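A.B. asks: Construct the complete structure from the given sequences, taking the supplied hints into account.
Residue numbering for the sequence shown follows the working numbering, beginning at 1018 and increasing consecutively.
What the hints contain is simulated information worked out from the structure, not anything from laboratory work.
Everything numeric in this text was worked out from a predicted model, so none of it was measured.
Keep in mind that the hints are not guaranteed to be accurate.
Derived pair list, reagent style DSBU-like, types lysine-lysine, alpha-carbon separation capped at 30 Å [said to hold, decoys possible]: (1) 1097 x 1115; (2) 1131 x 1078; (3) 1063 x 1041; (4) 1097 x 1019.
Taking CB as the label site, the calculated pair distances span [to be verified]: (5) 1067 x 1380: 26 to 34 Å; (6) 1287 x 1063: 36 to 44 Å; (7) 1154 x 1041: 22 to 30 Å; (8) 1392 x 1061: 36 to 44 Å; (9) 1279 x 1309: 34 to 42 Å; (10) 1063 x 1156: 24 to 32 Å; (11) 1311 x 1363: 23 to 31 Å; (12) 1181 x 1288: 23 to 31 Å; (13) 1038 x 1175: 38 to 46 Å; (14) 1156 x 1416: 20 to 28 Å.
Cβ coordinates follow ideal geometry from the N, Cα and C atoms, glycine included.
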Amino acid sequence: MKILVLNCGSSSVKYKLIDTDSDKTLAEGGVEKIGLPDGFLKFKAKDGSKQITDLGLTDHKGAVQAILDNLTDPVNGCIKSYDEIDAVGHRVVHGAEKFNTSVLITDEVIQQVKDCYNLAPLHNPANITGIEAITALMPDVPQVGVFDTAFHQTMPAKSYMYALPYKFYTEDGVRRYGFHGTSHRYVSMRVCQFLGVDIEKQKIITCHIGNGGSITAVLNGKSYDTSMGLTPTEGLMMGTRVGDIDPGALTYLMKRHNYTADDIQRIINKESGMVGVSGVSSDMREIEAAIKDGNERARLGQEMYEQRIIKYIGAYAAEMGGVDIIVFTGGVGENQASVREAVCQPLAFMGVELDKELNSRTRGTETVISSPESKVKVVVIPTDEELMIARDTREIVSKKS
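C.D. replies: What follows is the structure in structure tokens.
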């Protein structure tokens, strides 16, 4: 079965066409800068090279059309017609408490996703535009929604509730939802397959670390706690997001500088985190270069970034009564050996022992980077959210038929 996976952002659409019979990626790429005159399509050609085509598209429907045209292009394409696409799987960011699993897209599901707009104003509307674009261009193809929040719906109330007046939960839906659920689900399953152990008997901490980052405690195959909250702003220090902060600091700044709620939203989402502390960049590669040049703010930023990862791993190990496996994934988790080493070193008291030489040469490959003597397995598992979405889509569409 050929599944087209779409991840629609506010001004971009990423895609993969996956043959789920072989788990092979047939095509991948994305459209960026939708609505701007310098918009473009980038994709991986058959020879593996990266190609860019200037487009200048005004909306998501045009972006999806460009993707479909490229997939069926006589030179660059890999299919002859749209009819070869059996189904489309969509990444949907927020499902609130409405969805605890992936679902077939219906009019009712679309309305429920729209009902979550206030919880994810930047993401859910873009996700819906992708669904509507496919409906317009390929009205007969089945579509499936795969929710970032669904995996975390197994958390107990003590993990997801905030200590606010209870009415804000019952009336406004204010609680911890968590994100990156598709990634945490994939890597927790994959690491157990890789190690040959039963996921239902494991205490796993999955660290999805990149420009955005979150950590999840996976107890016996289910999400038990996670670092992101009502929004993706809570938890770890990230590239541009603040992570955990005293809410009193925000009200203090609002009063002192006459900031509006929109001002605070901009600051905590786009001007904080690594870029805010370092004043250099949100890219860890540029941070490392700045540290080598003696930039102390960049060094402070990296130390803060690593410290918060350590803190969450320690907390989740305590919550679960121990940990069997720690997984690193995401752009930084998969590729930045120095961060992995800095995080693992203070965890020696838990029995974590890193193979430093093996860790130093591991980038983006499935590898056990702990030593044979380590009581905790530390493993790098590259995430594959698109494959997870494709598999869910195939399963749901197969049941429908």
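A.B. asks: Hint by hint, say whether it matches the structure.
C.D. replies: Hint-by-hint comparison with the structure:
1. For the hint pairing residue 1097 with residue 1115, the CA-to-CA distance comes to about 38 Å; that exceeds 30 Å, so the pair is violated.
2. Distance check on the hinted pair: residue 1131 and residue 1078 sit about 18 Å apart at the alpha-carbon level, within 30 Å; holds.
3. For the hint pairing residue 1063 with residue 1041, the CA-to-CA distance comes to about 13 Å; that is within 30 Å, so the pair holds.
4. Our distance criterion of 30 Å between C-alpha atoms is met by residue 1097 and residue 1019, whose separation comes to about 13 Å.
5. Remark: the range hint 26 to 34 Å for residue 1067 to residue 1380 is contradicted by a beta-carbon distance near 19 Å.
6. At about 37 Å, the beta-carbon gap between residue 1287 and residue 1063 stays in the expected band of 36 to 44 Å.
7. Distance hint check for residue 1154 and residue 1041: the Cβ-Cβ separation is about 24 Å, which falls inside the suggested range of 22 to 30 Å.
8. Between residue 1392 and residue 1061 the beta carbon distance is about 41 Å. The supplied range of 36 to 44 Å therefore holds.
9. The hinted window of 34 to 42 Å between residue 1279 and residue 1309 holds, with their beta carbons roughly 38 Å apart.
10. Look at residue 1063 against residue 1156: about 30 Å separates their beta carbons, and that is inside 24 to 32 Å.
11. Between residue 1311 and residue 1363, the C-beta spacing of about 25 Å keeps the proposed range 23 to 31 Å intact.
12. Evaluation of the 23 to 31 Å hint for residue 1181 and residue 1288 yields a pass: the beta carbon distance comes to about 26 Å.
13. For the hinted restraint 38 to 46 Å between residue 1038 and residue 1175, the CB-CB distance of approximately 42 Å keeps it satisfied.
14. With their beta carbons about 21 Å apart, residue 1156 and residue 1416 fall inside the hinted range of 20 to 28 Å.
Checked against the numbered hints given earlier, this structure breaks hints 1, 5; the rest are met.
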